[in-house]
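**Student:** Sequence:
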Amino acid sequence: MNDSSRFKNYALWISIFSLIPLILEAFGINIIPKNYNEIVTAILSVLVMAGIINNPSTDSKWYLDDEKKNENSVEEK
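For the sequence shown, the numbering used here assigns the number 116 to the initial residue and increments by one for each residue that follows.
These are computed hints drawn from the structure, not numbers from a lab. Keep in mind that the hints are not guaranteed to be accurate.
Computed beta-carbon distance windows for the label pairs [claimed, not checked]:
#1 Ala157 to Ser119: 30 to 38 Å
#2 Ser119 to Glu153: 29 to 37 Å
#3 Asn150 to Ser120: 34 to 42 Å
#4 Gly166 to Glu140: 26 to 34 Å
#5 Leu134 to Gly166: 33 to 41 Å
#6 Val163 to Ile131: 12 to 20 Å
#7 Met164 to Leu127: 18 to 26 Å
#8 Ser130 to Ser160: 14 to 22 Å
Think of the CB as a built atom: it goes at the ideal place given N, C-alpha and C, for glycine as much as any other residue.
My request is simple: use the sequences and hints to build the entire structure.
**Tutor:** Shown next, in the form of structure tokens:
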């Protein structure tokens, strides 16, 4: 199934970007500063206030995307 709309989900990209430092740390490359918790909290707070992460217009919760209804489809009874 080729569904490129999954790549438009902001939570997916945040999860991927948070995985990168963990992978690099596993290989011995330490790129995370000691105060990373404050930095991440500040960045995520700005994104939530801007409505980028927290989308109040969606009906779905968490990582789920809204289902798009196709007007041309025939409903099965």
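**Student:** Now tell me if each hint is right for this structure.
**Tutor:** Outcome of the hint check:
1. Against the hinted window of 30 to 38 Å, the Cβ-Cβ separation of Ala157 and Ser119 comes to about 31 Å, which satisfies the hint.
2. Take Ser119 and Glu153: their Cβ atoms lie about 35 Å apart, and the range 29 to 37 Å holds.
3. Taken as a hint, the range 34 to 42 Å holds for the pair Asn150 and Ser120, whose Cβ atoms sit roughly 36 Å apart.
4. At roughly 31 Å, the beta-carbon separation of Gly166 and Glu140 lies within the given 26 to 34 Å, and the hint holds.
5. Range check, Leu134 to Gly166: about 24 Å between beta-carbon atoms, so the 33 to 41 Å window is missed.
6. A beta carbon spacing of about 19 Å between Val163 and Ile131 agrees with the range 12 to 20 Å that was offered as a hint.
7. The hinted window of 18 to 26 Å between Met164 and Leu127 holds, with their beta carbons roughly 21 Å apart.
8. Taken as a hint, the range 14 to 22 Å holds for the pair Ser130 and Ser160, whose Cβ atoms sit roughly 18 Å apart.
The structure shown violates just one earlier hint, number 5.
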